[in-house]
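Sequence order for the protein chains is A and B. Taking our numbering, the leading residue of the first sequence gets 1, the next gets one more, and so forth. Taking our numbering, the leading residue of the second sequence gets 1, the next gets one more, and so forth.
Take every hint as true, because none was put in to throw you off.
Selected chain B positions facing chain A (in silico; Cβ < 8 Å): (1) Asn39; (2) Arg54; (3) Val56; (4) Asp59; (5) Leu66; (6) Met107; (7) Glu290; (8) Leu297.
Everything labelled a hint here was simulated from the structure, so no lab data went into it. Note that the structure is a prediction, hence the values are computed from the model and not measured. Each residue gets a CB set at the ideal place from its N, CA and C atoms; glycine is no exception.
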Amino acid sequence: MSIAKYFDDMSYGLSPESDAEARSWLARHDHSFGHFIAGAFTQPEQSFQTHEPATGKPLARLAQGTAADVDAAVAAARKAQGPWAKLPGHARARHLYALARMIQRHARLIAVVEAIDNGKPIRETRDIDVPLAARHFTHHAGWAQLQDSSFPDHVPVGVVGQIIPWNFPFLMLAWKLAPALALGNTVVLKPAEYTSLTALLFAELAAAAGLPAGVVNIVTGAGETGALIVDHPGIDKIAFTGSTDVGRQIRQRIAGSGKALTLELGGKSPFIVFDDADLDGAVEGVVDAIWFNQGQVCCAGSRLLLQEGIAEDFIRRLKRRMATLRVGSPLDKGIDMGAIVAPVQVERIRALVAQGVADGADLYQAAVDLPAEGCFYPPTLLSGVQPASVVAQEEIFGPVAVTMTFRTPDEAVQLANHARYGLSASIWSETIGLALQVAARVEAGVVWVNATNLFDAAVGFGGRKDSGFGREGGREGAFEYLKPKATIGRKMRPVAVPPVARAAMVTEFAAPAIDRTAKLFVGGKQVRPDGNYASPVLTPKGAVIAEVGEGSRKDIRNAVAAARKAEGWASATAHNRAQILYYIAENLSARAAEFAARISAMTGQPAAAATAEVEASIARLFSYGAWADKYEGRVHVPPLRGVALAMNEPVGVVGVICPPEAPLLGFISLVAPLIAMGNRVVAVPSALHPLSAMDFYSVLETSDLPDGVLNIVTGDPQQLGETLAAHADVDGIWAFGSAALSEAVERLSAGNMKRSFVDHGQLTDWADASAEGEEWLRRATEVKNIWIPYGV
Amino acid sequence: MHQNPEKPKNPAFLRGGDDLGRNAGGALDLGWVAQVRVNLSATERRVASLPGRRSVKKDAQAAWLLKALTCIDLTTLSGDDTAGRVRRLCAKAAQPLTPALQEALGMGDRRLTTGAVCVYHRFVATAVEALAGTGIPVAAVSTGFPAGLVPHDVKLREIEASVADGAAEIDIVITREHVLTGNWQALYDEMRDFRAACGAAHVKAILATGELKTLRNVAQASLVCMMAGADFIKTSTGKEAVNATPAVTLTMIRTIRDYLDRTGYRVGYKPAGGIATTKDALIQQFLMKEELGRDWLEPDLFRIGASSLLADIERQLETHVTGAYSAFNRHPIG
Numbered sequence: 001m002s003i004a005k006y007f008d009d010m011s012y013g014l015s016p017e018s019d020a021e022a023r024s025w026l027a028r029h030d031h032s033f034g035h036f037i038a039g040a041f042t043q044p045e046q047s048f049q050t051h052e053p054a055t056g057k058p059l060a061r062l063a064q065g066t067a068a069d070v071d072a073a074v075a076a077a078r079k080a081q082g083p084w085a086k087l088p089g090h091a092r093a094r095h096l097y098a099l100a101r102m103i104q105r106h107a108r109l110i111a112v113v114e115a116i117d118n119g120k121p122i123r124e125t126r127d128i129d130v131p132l133a134a135r136h137f138t139h140h141a142g143w144a145q146l147q148d149s150s151f152p153d154h155v156p157v158g159v160v161g162q163i164i165p166w167n168f169p170f171l172m173l174a175w176k177l178a179p180a181l182a183l184g185n186t187v188v189l190k191p192a193e194y195t196s197l198t199a200l201l202f203a204e205l206a207a208a209a210g211l212p213a214g215v216v217n218i219v220t221g222a223g224e225t226g227a228l229i230v231d232h233p234g235i236d237k238i239a240f241t242g243s244t245d246v247g248r249q250i251r252q253r254i255a256g257s258g259k260a261l262t263l264e265l266g267g268k269s270p271f272i273v274f275d276d277a278d279l280d281g282a283v284e285g286v287v288d289a290i291w292f293n294q295g296q297v298c299c300a301g302s303r304l305l306l307q308e309g310i311a312e313d314f315i316r317r318l319k320r321r322m323a324t325l326r327v328g329s330p331l332d333k334g335i336d337m338g339a340i341v342a343p344v345q346v347e348r349i350r351a352l353v354a355q356g357v358a359d360g361a362d363l364y365q366a367a368v369d370l371p372a373e374g375c376f377y378p379p380t381l382l383s384g385v386q387p388a389s390v391v392a393q394e395e396i397f398g399p400v401a402v403t404m405t406f407r408t409p410d411e412a413v414q415l416a417n418h419a420r421y422g423l424s425a426s427i428w429s430e431t432i433g434l435a436l437q438v439a440a441r442v443e444a445g446v447v448w449v450n451a452t453n454l455f456d457a458a459v460g461f462g463g464r465k466d467s468g469f470g471r472e473g474g475r476e477g478a479f480e481y482l483k484p485k486a487t488i489g490r491k492m493r494p495v496a497v498p499p500v501a502r503a504a505m506v507t508e509f510a511a512p513a514i515d516r517t518a519k520l521f522v523g524g525k526q527v528r529p530d531g532n533y534a535s536p537v538l539t540p541k542g543a544v545i546a547e548v549g550e551g552s553r554k555d556i557r558n559a560v561a562a563a564r565k566a567e568g569w570a571s572a573t574a575h576n577r578a579q580i581l582y583y584i585a586e587n588l589s590a591r592a593a594e595f596a597a598r599i600s601a602m603t604g605q606p607a608a609a610a611t612a613e614v615e616a617s618i619a620r621l622f623s624y625g626a627w628a629d630k631y632e633g634r635v636h637v638p639p640l641r642g643v644a645l646a647m648n649e650p651v652g653v654v655g656v657i658c659p660p661e662a663p664l665l666g667f668i669s670l671v672a673p674l675i676a677m678g679n680r681v682v683a684v685p686s687a688l689h690p691l692s693a694m695d696f697y698s699v700l701e702t703s704d705l706p707d708g709v710l711n712i713v714t715g716d717p718q719q720l721g722e723t724l725a726a727h728a729d730v731d732g733i734w735a736f737g738s739a740a741l742s743e744a745v746e747r748l749s750a751g752n753m754k755r756s757f758v759d760h761g762q763l764t765d766w767a768d769a770s771a772e773g774e775e776w777l778r779r780a781t782e783v784k785n786i787w788i789p790y791g792v
Numbered sequence: 001m002h003q004n005p006e007k008p009k010n011p012a013f014l015r016g017g018d019d020l021g022r023n024a025g026g027a028l029d030l031g032w033v034a035q036v037r038v039n040l041s042a043t044e045r046r047v048a049s050l051p052g053r054r055s056v057k058k059d060a061q062a063a064w065l066l067k068a069l070t071c072i073d074l075t076t077l078s079g080d081d082t083a084g085r086v087r088r089l090c091a092k093a094a095q096p097l098t099p100a101l102q103e104a105l106g107m108g109d110r111r112l113t114t115g116a117v118c119v120y121h122r123f124v125a126t127a128v129e130a131l132a133g134t135g136i137p138v139a140a141v142s143t144g145f146p147a148g149l150v151p152h153d154v155k156l157r158e159i160e161a162s163v164a165d166g167a168a169e170i171d172i173v174i175t176r177e178h179v180l181t182g183n184w185q186a187l188y189d190e191m192r193d194f195r196a197a198c199g200a201a202h203v204k205a206i207l208a209t210g211e212l213k214t215l216r217n218v219a220q221a222s223l224v225c226m227m228a229g230a231d232f233i234k235t236s237t238g239k240e241a242v243n244a245t246p247a248v249t250l251t252m253i254r255t256i257r258d259y260l261d262r263t264g265y266r267v268g269y270k271p272a273g274g275i276a277t278t279k280d281a282l283i284q285q286f287l288m289k290e291e292l293g294r295d296w297l298e299p300d301l302f303r304i305g306a307s308s309l310l311a312d313i314e315r316q317l318e319t320h321v322t323g324a325y326s327a328f329n330r331h332p333i334g
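Full structure from sequences and hints, please.
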């Protein structure tokens with residue numbers, strides 16, 4: 001085309017980024033790669049072919065990781081972990097700093113390889129993915145430097161298996177590696193089979209930058225290779241980013257293994273536009289939300305919730321904006337969207353859109369030019385979608401937004417939260433009170449006010465509900481790669497042998513003590529168990545002290561319903577929660593002697609020990625009363641004009657299976673931090689010694705705790721624990737008891753991805769200072785990061 | 001795509017344009033003004049990401065720069081301006097590129113001139129004479145430029161005098177106080193009077209955005225000036241500390257689009273001040289094309305107020321032709 005022709009039509013023409021360096025890197029490797037294990041590439045044996053999404057042409061051959069490969073990688077990581085963790089924090093900080101600088105030096109090469117391999121626009125790899133990756137290493141160099149002073153009570157987890165997705169291959173690598181390495185762990189990382197090249201490039205460059213062999217090992221391959229890593233006994237933690245389905249399988253597979261787990265899964269994130277928003281700004285927000293990375297973003301704002309008064313206007317503006325989007329070669333510097341990663345994904349998007357249309361949605365696709373070849377899909381809007389439609393509920397993972405309308409802020413929150421997922425939310429309003437109120441109420445790990453898809457290494461990222469658990473980035477993310485020193489070397493809990501009941505025979509004629517029937521405590525009321533069976537509570541010598549109700553599935557159902565109803569507790573002021581915890585302690589103290597006698601009677605402990613347990617329980621209640629208004633969030637300072645508020649929110653409704661031992665202190669130690677943070681609890685007391693917890697409800701009744709905040713159901717911990725773990729309306733579960741209980745709870749918790757906290761049958765010293773404090777509060781909360789850019 | 005035919009027009013504006021669809025303005029709609037919302041961070045993100053989303057290279061870039069050249073209001077607004085200086089500027093406006101360079105670009109058969117020449121009232125007659133036969137309009141800054149604080153009737157007389165001297169375009173400055181105090185009625189009335197005084201001459205409303213400070217102020221002032229009949233809205237006098245930033249451009253042209261949607265009138269846009277390099281100009285052009293469309297790349301709807309931009313364009317164009325970097329002294333001075 002001539003200058004004159006361009007002058008007349010004012011089109012953009014092509015603006016290609018050179019791929020010469022990237023191609024020559026591939027050529028140097030003969031377009032074929034082994035794994036990177038123990039500091040060197042292996043010779044590939046079994047291999048598979050990858051393709052360039054934008055053209056469909058073959059790109060590279062990659063090794064398919066076998067059991068032997070994974071063994072070798074884990075062995076290399078294990079060998080390196082000790083020396084790596086023993087390095088002073090400053091030495092590890094130097095290594096991470098060197099990795100950050102290495103990324104900056106080779107930024108363009110990484111960006112171009114990524115664009116070719118994944119199909120995403122060079123603008124995004126060059127301006128977003130690669131700089132953010134460098135930022136993660138720089139930020140986490142800082143955590144290495146500060147590890148001793150910031151986390152004195154923690155040690156590294158050990159060898160971490162990390163499995164990352166294809167949508168942000170290099171950025172996810174950085175999100176995973178930087179915190180793991182900074183805090184003294186070593187890694188076996190599996191990139192996605194479609195997009196492994198930048199991980200291999202990273203490994204090569206990292207070795208050149210002086211990272212010791214074995215600290216980072218890259219094993220390529222598909223899902224089977226991932227499963228080998230997940231199952232490997234030499235791995236201490238799995239960190240996974242990917243689909244909810246696979247995350248659920250991983251949760252189930254490693255249940256009871258003792259491996260730690262963090263999951264960053266799918267989403268169907270709401271993008272809420274109020275009628276007082278900057279509508280053009282919000283339209284551009286949609287572009288950044290759902291047409292960023294071709295919509296292949298877990299936190300994509302894919303559900304547009306529009307206030308009725310502006311919905312029509314907004315959709316009109318959005319459609320007009322869609323017409324100016326440009327889709328083209330990932331290496332063209334003048335495009336908005338590149339290629340979808342693989343043909344199978346395009347098919348999936350097509351099928352879901354067809355389903356949406358069949359369900360009655362209005363389809364709009366802008367008449368943008370698509371390249372003739374390769375995996376491309378146009379920007380798409382489905383409006384008038386009903387909440388029941390599959391496209392309103394399922395993650396499409398493509399450039400497809402759906403719209404719904406709402407009338408009031410309450411309805412916006414209701415629609416936003418009516419989803420299995422809970423990853424992120426974007427809220428658009430120029431009224432600060434409205435925006436922050438809605439930000440506080442949406443169930444999400446990340447909220448952006450008048451913005452979307454902002455990320456930073458200092459700000460934790462992660463979800464709630466089916467979007468997984470754990471945070472990546474910031475102080476909250478650092479804990480995911482640490483474990484408390486107090487958990488090291490714990491002994492297995494001995495199997496308690498229940499005493500044999502002696503038949504009672506009364507030979508004296510006297511007025512007996514007045515019968516006190518221990519009932520269940522549900523919704524603030526004493527209730528009989530649904531089945532109306534009772535079982536005896538025995539002294540160690542087998543004498544019957546009392547009988548307690550035999551709680552069943554239905555009692556758990558009722559207790560969970562009562563807890564769900566008590567949601568006002570979550571928004572009660574911290575002062576109010578503190579006051580009630582102190583008041584509970586006060587009322588327990590008034591009856592200390594009675595509680596001590598009961599503990600003695602049930603456990604056979606000497607009176608002094610029983611009294612000490614009661615006093616420790618009172619002190620613990622005071623501790624959590626103290627913490628209630630002091631375990632505060634943080635204000636992160638990401639690089640923007642604004643702040644990110646890291647708020648500690650309650651997990652929600654949490655099931656608690658109390659340990660068999662320490663009938664009062666074990667119960668208080670678990671329940672008190674949860675209540676202090678605004679959770680509602682369904683507790684199952686020690687099966688052997690349930691009476692301390694049952695006596696406790698009369699303390700609660702005099703202590704102003706709102707009905708339903710703490711519910712107590714006696715019964716078989718394994719059975720009730722399984723019921724709670726499987727319950728879809730329970731958000732978290734803490735289980736202390738047998739290893740079998742931990743296994744069942746972890747496995748069954750996968751149903752709704754509830755966060756679980758178990759002891760794998762290992763004893764906790766409940767009297768020790770480590771049995772209370774921030775570690776427990778951290779487990780009782782979820783960090784929500786609310787990004788608030790400033791400016792007028 | 002600029003217009004949405006389904007969208008009902010505001011009846012207040014349905015009197016039909018005089019003068020070939022020229023914005024006739026309408027009643028002051030305070031409800032609409034109050035609804036205006038602009039989020040600074042969102043605006044900044046859009047302008048920050050745009051240069052990564054749009055790019056022109058080689059022939060396309062040369063063509064875009066040539067187009068920018070045709071949109072320049074070649075300007076001299078200095079206290080030491082003289083008739084001689086203005087005549088030299090006019091000569092440059094009429095022949096901005098050397099014929100050899102124009103030929104080398106394959107544009108030898110085109111008549112390329114700047115969009116206008118912009119001067120103070122004192123030099124309007126000089127410029128009109130110097131540009132006779134070229135078809136290049138003379139624009140006069142007016143109404144007590146740049147501060148706009150002379151008496152209202154003096155402003156109107158200044159406009160009339162420039163029109164009488166042959167100015168086809170009048171760049172007025174608004175009274176910033178009206179915006180800063182939210183006195184939209186006063187702003188509207190003032191602008192209405194300016195427009196009336198211009199008669200057939202087109203009027204560009206200079207908002208002095210650097211002094212309005214907030215983007216919401218900028219958008220509201222833009223809207224009120226359009227309601228009062230501005231043909232163009234213009235960012236700056238060039239004398240404020242902050243001039244035509246991309247964020248201000250985005251805000252003003254989105255307001256032009258909203259006004260078009262509701263009234264059907266196409267208002268032009270003129271960023272002025274601070275656009276000194278080809279890179280600056282291209283960002284402004286990308287914004288025009290992306291937000292308002294192809295039509296807003298032509299001088300009837302888009303002008304760039306600049307004095308040194310032309311020299312940078314000439315340099316870039318020569319580089320394009322020769323493949324070697326150029327120097328300012330190789331191109332005739334304006």
